[in-house]
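**Q** Going down the list, the protein sequences come from chains A and B.
The first sequence maps to residues 49 to 754 in my numbering.
The second sequence maps to residues 49 to 754 in my numbering.
Honestly, the hints are just simulated from the structure, not real lab data.
Honestly, I wouldn't trust all of these hints.
Chain B stretches covered by chain A per the calculated footprint, using a threshold of three residues with CB under 8 Å from any CB of chain A [unchecked claim]:
#1 279-287
#2 290-304
#3 309-319
All of these numbers come straight from a predicted model, not from anything done at the bench.
Note that beta-carbon positions come from the ideal geometry of N, C-alpha and C, so glycine has one too.
Number of protein chains: 2
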Amino acid sequence: MQSAIQSLAALSIAPSSSITHRAATTFENWRETLSSVDPAPKSFELLKTLVYKPKTAKTKTPVPVVVIAREQTQASGSVVGKSLNLKELRPANNELLNEFFSISDKESLSPFVLNSTTYPKVLTVVDASIESSSSLFAVRANSSSETVFLSGKDVIAYLKALETDTVKIETLEFTEGGALSTSAPPVKEEKEDARIEGAVQIAVGVKKEVDFAAWYTNVLLKADMLDYYSVSGCYILKPWSFSIWEAIQEWFNTEIKKLGVQNAYFPMFISQKVLEREKDHIEGFSPEVAWVTRAGSSDLEEPIAVRPTSETAMYPYYAKWIKSYRDLPLKLNQWNNVVRWEFKNPQPFLRTREFLWQEGHTAHLTAAEADKEVLDILELYRQVFEDLLAVPVIPGIKSEKEKFAGASYTTTVEGFVPTTGRGIQGATSHCLGQNFSRPEMFNIAVEDPMRPQEKLYVHQNSWGLSTRTIGVMVMVHGDNQGLVLPPRVSSVQVVVVPCGIKGGTTDAQRTEINSKCEELARNLAAGGIRAKADLREGYTPGYKFNDWEQKGVPLRLEIGPKDIEKNQTLAVRRDTGEKAAVPLDGLVTSVSSLLTTIQADMYTKARDTYFSRLREITRWEDVVPTLDAKCVVVLPWCEREACEDDIKDRSARASGPTDERAPSAGAKSLCIPFDQSRWTPIEPGKTKCPACGHDAKRWSMFGRSY
Amino acid sequence: MQSAIQSLAALSIAPSSSITHRAATTFENWRETLSSVDPAPKSFELLKTLVYKPKTAKTKTPVPVVVIAREQTQASGSVVGKSLNLKELRPANNELLNEFFSISDKESLSPFVLNSTTYPKVLTVVDASIESSSSLFAVRANSSSETVFLSGKDVIAYLKALETDTVKIETLEFTEGGALSTSAPPVKEEKEDARIEGAVQIAVGVKKEVDFAAWYTNVLLKADMLDYYSVSGCYILKPWSFSIWEAIQEWFNTEIKKLGVQNAYFPMFISQKVLEREKDHIEGFSPEVAWVTRAGSSDLEEPIAVRPTSETAMYPYYAKWIKSYRDLPLKLNQWNNVVRWEFKNPQPFLRTREFLWQEGHTAHLTAAEADKEVLDILELYRQVFEDLLAVPVIPGIKSEKEKFAGASYTTTVEGFVPTTGRGIQGATSHCLGQNFSRPEMFNIAVEDPMRPQEKLYVHQNSWGLSTRTIGVMVMVHGDNQGLVLPPRVSSVQVVVVPCGIKGGTTDAQRTEINSKCEELARNLAAGGIRAKADLREGYTPGYKFNDWEQKGVPLRLEIGPKDIEKNQTLAVRRDTGEKAAVPLDGLVTSVSSLLTTIQADMYTKARDTYFSRLREITRWEDVVPTLDAKCVVVLPWCEREACEDDIKDRSARASGPTDERAPSAGAKSLCIPFDQSRWTPIEPGKTKCPACGHDAKRWSMFGRSY
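Given only the sequences and the hints, what does the whole structure look like? Please build it.
**A** So, in structure tokens, the structure goes:
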């Protein structure tokens with residue numbers, strides 16, 4: 049049999065250290081032994097390996113269950129069996145251990161009994177929290193007198209290396225109550241009425257880089273952001289995500305009120321006749337409109353639409369209310385729900401049949417005033433993304449093909465998801481010009497104050513920002529531990545976790561530690577920081593660390609007896625994992641500044657990634673390889689619609705099989721950035737569009753997109 | 049011909065004063081003349097009477113148009129003609145004046161040329177703002193040398209007295225732009241696409257006491273609270289009303305967060321199967337459920353309901369999320385729109401097909417904890433009504449018959465509309481007990497922490513407060529000038545209006561007055577008071593007074609040259625009309641305290657009215673007369689459902705023809721007040737229910753209701 053070290057070396061895993069010591073047969077003396085050797089790692093957790101035998105017909109060969117778990121994890125046979133739906137899981141006897149692993153006692157059990165020979169014959173179960181834990185694990189090597197120290201990730205890496213096409217590791221989330229969870233792929237449609245005792249879906253085992261779509265939904269579930277719902281394409285926004293939306297609402301409301309915008313509420317129903325008033329506009333929406341045709345048991349005389357957007361609902365009243373130039377500008381906004389019955393594969397936050405948004409609708413006397421507002425609002429959208437969500441965006445104008453149905457022009461802030469290399473529209477601010485106000489449309493006119501007796505048709509804008517923002521934020525910042533939240537929108541900015549409470553800790557010490565945690569949280573809260581002490585009983589610090597890491601809380605403060613002694617706390621950043629001792633004196637100030645740093649660093653990191661993937665391209669042959677390298681292509685573009693169609697076709701044909709979840713495998717124009725200074729100046733008449741050879745006008749971003 | 053004084057005396061109208069003076073043929077010398085006589089009223093406005101002749105076929109007798117308007121009102125023939133749809137309205141010549149009114153010159157024109165003989169032959173048009181103005185009007189009596197001073201109300205009273213069944217006064221709202229409005233009954237269904245040039249509906253001419261329903265909708269329209277919408281039963285909430293909802297939201301959100309409630313968002317769609325899960329519950333709602341059956345051009349496989357409330361949407365997930373007693377309590381709230389497709393006559397805010405509300409849904413480990421929360425929330429609802437909206441309510445419990453479909457019991461805060469004498473449910477907080485959590489329902493259970501292995505079904509509450517609150521507030525406080533807003537929810541608490549700007553005012557003086565107004569508004573705003581200076585040009589102070597009075601702004605500050613001189617402002621309360629000079633020094637403090645007084649006085653006044661209409665009744669024969677006297681009957685009641693049905697039947701039969709807008713002309717139980725100390729103690733076994741003779745249990749409120 050290969051030694052543990054050899055097995056690890058084959059996978060290029062170097063243990064933090066490896067120790068040979070006197071045989072340790074219980075956890076207590078194992079820990080003691082490890083603590084007494086020199087050099088021992090400063091802190092570590094013990095890893096345990098358990099083997100169970102399920103009830104098996106006498107004629108059949110049993111499939112033992114090997115459980116690899118953290119010391120504190122309650123992984124009894126009944127708990128594991130219940131989750132795996134295996135009957136009467138009993139601890140394996142020495143005979144079975146010998147038969148399967150050629151060892152004679154359970155003290156020699158370790159993850160290293162699993163190898164390419166033994167692994168396929170057993171069912172391997174791993175404690176989900178190992179991989180995401182930041183602890184160092186003491187792992188028995190090949191006997192009770194040999195220990196290697198490994199990170200959780202390395203433990204998992206070792207086990208994963210054993211997986212075959214048919215035999216996979218089962219990852220279970222153990223909770224205090226003994227309820228646990230399986231690593232099966234996420235269930236898209238929960239049976240809404242079936243309460244599966246203690247089983248939910250978790251993210252572990254799906255890496256962001258490997259299966260992005262599964263990672264995304266799993267992170268949302270695991271961070272408690274969202275749940276699936278019994279109506280397809282609709283999702284439940286749980287408090288953890290809704291609070292982010294509230295933070296955005298609060299900030300944006302304050303800003304638009306400064307611009308003189310007032311909130312109002314228009315009905316969600318639109319009569320068919322009204323909805324179909326603007327032909328271009330309705331063409332863009334009609335395939336997705338949900339129709340109410342029945343109330344109680346009566347059929348309605350005519351079907352009524354659920355709003356996909358409110359232009360046609362609102363503008364007849366704008367025509368009625370705007371009687372004189374003195375009634376201008378009229379600036380209304382509403383926060384509401386809209387329905388677009390997508391038939392494509394839905395994705396939480398990004399493509400949902402019902403979503404929440406704000407829609408602003410304004411009417412102005414002059415085109416100049418309307419134009420200015422379009423950009424004022426776009427700037428607020430930029431700030432929502434960059435300043436609140438730490439998500440970099442590029443402001444620009446949409447091509448004619450991509451503009452809003454019925455708009456004169458559409459401006460946008462365009463985001464980017466590095467993992468998939470796809471662009472994503474952040475929010476749009478449209479100038480509608482006089483398209484909706486002209487006499488044959490909604491006829492919204494006043495007497496021109498400059499030319500009495502002459503009618504002036506008002507200049508209109510509409511602009512919207514939706515809960516999609518939250519999805520983009522998750523995609524950009526999340527990692528394999530789960531969500532990473534920017535401090536400005538996180539409903540909990542700092543979590544304080546009591547540590548170092550052991551079997552030997554006295555009640556007085558425990559109370560002291562807990563009180564200290566509460567005191568810290570209270571002081572931080574008094575200083576305007578959203579802090580919380582996690583004093584839940586019956587959960588290990590490791591469990592709590594993992595829990596808050598999954599939920600993306602920006603900063604964790606650990607308080608143990610040593611910290612109290614030294615009047616300090618260990619601060620752990622969620623975004624970088626960096627740890628630093630921070631003195632308790634002046635904590636509000638230092639935490640405040642740390643949160644500011646985290647917010648800035650998250651933005652800078654994401655921005656640097658985005659910018660590094662913006663590629664100035666001047667030859668057609670570079671377009672597809674650049675897209676395939678998960679980059680955004682910036683072309684000196686002719687801005688012709690025919691050329692845009694052509695680019696999409698040619699880049700789609702050239703790329704591989706399309707991903708069903710991706711709306712477009714061909715590249716479309718994302719936007720024409722306002723700031724053109726980033727790229728080589730275009731020489732009019734000389735710089736050519738690399739796609740068609742016509743004269744280039746402006747640098748335009750093309751990319752695959754959501 | 050009767051003299052003006054005689055005509056007025058016949059109507060018991062006593063002019064403020066009556067003056068004979070030298071003949072005044074122009075407005076200028078009329079005003080001068082009036083100002084020089086002794087005793088002249090301190091301040092007054094001139095009233096003008098104009099006569100126009102519309103284009104009429106030569107063979108026909110013309111119908112002259114008599115316009116009675118304030119001096120500053122632009123009431124040219126073209127403006128009036130446009131509104132009335134009459135062609136070529138020209139000033140009448142002396143021949144016509146003589147023919148119709150037996151006068152020889154237009155200087156003798158006055159409202160008193162209209163009498164029972166002349167009135168039916170002409171079309172009388174009145175400036176809408178006269179009635180609601182607080183000005184004293186100088187009215188020509190029978191010649192240019194005789195003037196009577198009348199209030200606006202008296203002018204209108206005189207004219208109204210001339211009305212016949214077929215000939216009514218036309219009330220027009222003149223605005224600066226010349227656009228104006230007619231007094232036709234409010235249009236319930238606007239042609240949403242027809243922009244009626246310059247015409248909207250106004251409230252003038254409908255008194256609260258005379259036609260309450262028309263008054264109510266007219267006040268809402270005139271105060272710019274709401275507009276009718278092209279889908280029947282749905283209304284547009286304009287910023288003036290939506291801001292009140294925002295104030296309620298902000299306050300209530302803060303309070304429930306203190307109770308540990310978190311906001312979330314559940315989808316608006318509910319599948320048929322899920323909706324119909326709880327039979328009692330769905331029975332209460334199914335006749336009103338709106339069904340989506342089609343998306344784009346595809347029929348859905350099964351119809352999907354638009355939520356009428358979210359119990360059935362949410363509770364399957366409560367079952368899934370609540371895995372252990374550690375997950376309790378779960379307290380979620382959402383602010384959303386719900387749809388109940390009423391087929392009864394809709395009424396803005398009170399009975400609408402879509403409305404906005406919050407719905408809280410909580411789950412608890414113990415019944416005691418749930419019971420406590422029911423009352424904690426009810427107390428918050430009481431505060432919304434009494435402290436924010438200054439609307440008195442009586443907290444109590446609903447009878448078995450009136451409780452929420454599916455609830456264990458329902459608590460309520462019951463309001464009262466004195467003008468109609470009807471009770472109105474304010475908001476309800478329900479204890480659902482285990483009705484939804486039991487195994488055959490949503491099966492929401494945990495292991496009982498006190499008795500391991502035993503299941504404990506959670507105790508649930510749900511509670512809701514809707515935009516109905518706004519309707520109740522309007523009904524309780526509004527008067528014949530329009531809306532009256534309590535300061536705490538008014539988006540403008542104080543309006544500052546520049547006054548005393550006349551023809552002779554220099555630009556410097558005008559600038560000084562306007563600057564002073566701005567300065568005041570700015571200082572008040574800096575002091576946390578929502579203040580606004582109304583510096584609109586081209587509008588008279590009277591127009592502005594009227595405008596803000598209609599909108600219910602609690603306090604008006606007037607600033608004229610004299611005020612600046614004296615370093616003071618004239619403060620006019622909306623609720624009482626009281627005027628008082630207030631020194632500019634310490635204005636923030638004095639205005640603050642005045643607003644507090646207004647808030648308290650509005651509440652006290654409404655509460656005294658409500659309490660004076662609560663009648664302790666112990667004999668059946670007093671019930672219907674008491675209801676007919678617009679009172680709430682408080683009975684020592686047996687609390688039997690059969691008795692409640694009987695009371696309703698007997699009181700309906702006994703009363704007159706039912707009002708279509710009133711859901712119930714029979715009295716139903718409104719609530720059993722928690723505070724029973726107001727009434728004579730019930731002697732168990734001795735005090736009998738006056739309706740049926742059974743033993744009385746508690747004093748219960750019965751009344752006609754909304």
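**Q** Could you work out which earlier hints the structure fails to respect and list their numbers in ascending sequence?
**A** none
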